[in-house]
Structure formats: structure tokens, C-alpha cells
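Residue numbers (this note's numbering), protein chains in the order written: chain A, 4 to 169; chain B, 2 to 188.
Capping the alpha-carbon separation at 27 Å, the derived lysine-lysine pairs in DSSO-like fashion look like this:
| id | chain 1 | residue 1 | chain 2 | residue 2 |
| --- | --- | --- | --- | --- |
| 1 | B | K172 | B | K123 |
| 2 | B | K111 | B | K172 |
| 3 | B | K124 | A | K76 |
| 4 | B | K123 | A | K76 |
| 5 | B | K111 | B | K171 |
| 6 | B | K181 | B | K111 |
Calculated from the structure, these hints are not laboratory results.
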Amino acid sequence: MLTKIKSRTLSWILLSLVVIVALVFGSLNEKDTETSAERAASLAASIACPQCSGQPVSESSAPIAQVIKAEIKAQVDQGRSDREIRSYYAEQYGEWVNLNPSSSGFDAIVWVAPFLLVGIALGGLTLAFARRQSESTGIELTKDEEEQVKAIREQFATNTESVIEE
Amino acid sequence: MSFGKAGMVILALVSVGFITLLATRGTQSNQPNFDLVGEPAPLFSSQTISGSEFNLEQILLENRSLTPRDQVWVAINFFASWCTGCIVEHDELLTFHSESVVAAAGTRCKTRLVSIAFNDNKKDIETFFEKYGGDWPVLLDEGTNRITIDYSVMTAPETILVAPSGLVVKKIVGPITYDKLTDGIEC
Chain A
4 MLTKIKSRTL SWILLSLVVI VALVFGSLNE KDTETSAERA ASLAASIACP
54 QCSGQPVSES SAPIAQVIKA EIKAQVDQGR SDREIRSYYA EQYGEWVNLN
104 PSSSGFDAIV WVAPFLLVGI ALGGLTLAFA RRQSESTGIE LTKDEEEQVK
154 AIREQFATNT ESVIEE
Chain B
2 MSFGKAGMVI LALVSVGFIT LLATRGTQSN QPNFDLVGEP APLFSSQTIS
52 GSEFNLEQIL LENRSLTPRD QVWVAINFFA SWCTGCIVEH DELLTFHSES
102 VVAAAGTRCK TRLVSIAFND NKKDIETFFE KYGGDWPVLL DEGTNRITID
152 YSVMTAPETI LVAPSGLVVK KIVGPITYDK LTDGIEC
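Only chain A is shown next, with the shape it has when bound in the complex:
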């Protein structure tokens, strides 16, 4: 029994470790190793062509998309940050040209909502299990019934030990 519990705990610890390591590596800033061309390409893929419908400038052949692509490259070469470049285009054409929702203000709900929903779901499940457990242990047994349960448990434990030994 104890071995089973230990191996289950170990599995949880290992799983948690894998998740933490994945999150740490995933959140590491890889932009330091990006070349200017890669940065410009990444920005062009996340800024919408103002003349098109939701299509990034990187994929559009519209003349204004060509102009913006060339200007993004020039701005990257001038050393402007991604945030500065994104806010410049949002200022000229509207916030909607940013295909990645902002992580601040009202748009932040897009990033927060999934975690909030998972939290609510986990909380709900925990409460539901806790309630079921309390309901099942809340039944009062008579003395005879308690002795019967005790006997069954002892018999079960003896049987389990003999199975493990075999």
C-alpha cells in the first residue's frame, strides 16, 4: 500500500518538474538570439495589412503591405523595440492592426480567461470531491454495522498482504 502511494507521489513530483522546466524554457527570451531579419519577419507576421481583412503584411501582396514591410525592416535596423514598432502602426491605423492582442487593459482578458477558467474548473472539482467524500462518511453506523465493516477491512488487508507476498 505504502509503495503504491510513494510511486504515485513520485509520479506527481516528476510531472510537476516537467511542467515547471517546460514553462521556464518556454518563457525564456529567445529574442536576444534573433537576427534583424528574423525580428522584422516576426513583426510583419503579427501586424495586419490595413487594406486587407485580418491578413498579416507578411502574407499580403497589397502595395501598402509592401510599404509597411519595408518600413518595419528599416525600424528594426534603426534599433526600435518591438513594442515601439507595434504601437506606431496601431497609432497610424488603429489597434486592430496588432494581430496579437495586447497584454494590458481590457484585451488582457484574452490571456487571463483560460487560466481563470481552469482555476474555476479545478476549484469546482475539488469542492465536488470534498462534498462527495463528506457525504459518504457522514452516514452513522450502528455498533453491529461498525464491527462488520471492521471485520471486512481486516479480511481485505490480510488478503492484500498475502497477494503481495505471493
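Given the structure of chain A, go ahead and fit chain B onto it with the hints provided.
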């Protein structure tokens, strides 16, 4: 309240929140941006295809020391040799360039026209002007992309009228007419 009911309430609240978010969010629109009208014109200085320099800031600075009659209104025309709308409006621009604008009070106001090439090349622009006429400055260098975006231009032709004070007074998307461009000019 049971857990089932509580769950339903939470789900309903989240749904209402998302509907509110979608309903109140700004329309994702690819409509022209007219926010610049009434605002100071973005200043620029750039090379013309003939090699001279056009400096909007210089013109606006000079306006300060002139009487209203001598101050210059500037029309900035975003154009391309491949653009059919640009051919449509070209005669109207020729008129604007060759004649001084008569204001409602009868006075003759000074104007200047500058075209900014939009995703184009020098050879095609020269061929366009040889064919359709016109000798006003046409800007094309590494800085014209920035000017195009500073003026929130989406396509050609688009024309901006800048008052002598430096404020943008109108933005016309599509081919202009002489009357549409000059209406409201005073001096």
C-alpha cells in the same frame, strides 16, 4: 446553492463577459483613418526624383513670417504610376498646380502641390509624368515609406490638404476633383 447551480451561474457570467467584450470592442475595420484631420501635419523633408529637396517644415516656418495672402497651402498627393485612380485625378491636379486658388472672398491664395510616390520606381514615375504632364515635385527615396505611414495612407490616390498654420484640414481618399480639394481654402 448546489455546485451544479453555482457552476451554471459562473458559466453564465463568463458568457455575458465575453459577449460584452465582443460588443464593446472597437470594430476591426480596414476603413481609412481620418484621425489626422485637425491635427498638425507630420513634418518631412525628402528628395524629389529630380534630385532637389522638398521640406514641408521649411514651408510652414516661412509661412509664419508672411501675411495671410502670401502664406502657402500645401496639397500632399500620395500617388503611384500603376494606380488608375491617379490617372483619373491627374487633370484636376494639373489645374490645381497651374492656377492659384480663388477663395470665397475673391482673393487669390497661394498653393503648392507635392506628390509622394507610393510603392513605385523612378523610371515608371517619369514615364507617367511624360505621358500625362505636370512638373510639380515628386518624392521618392528611402524616407517616403515612413511619410506614407505617418499620414495613415492605405492606398493611392489619397490627398491631404495642409493649411498655412500646419494643421491638416482635409484628407481625400480616392481621386480628387479641383473643387473638392480647394473648397474651404481662405487667405
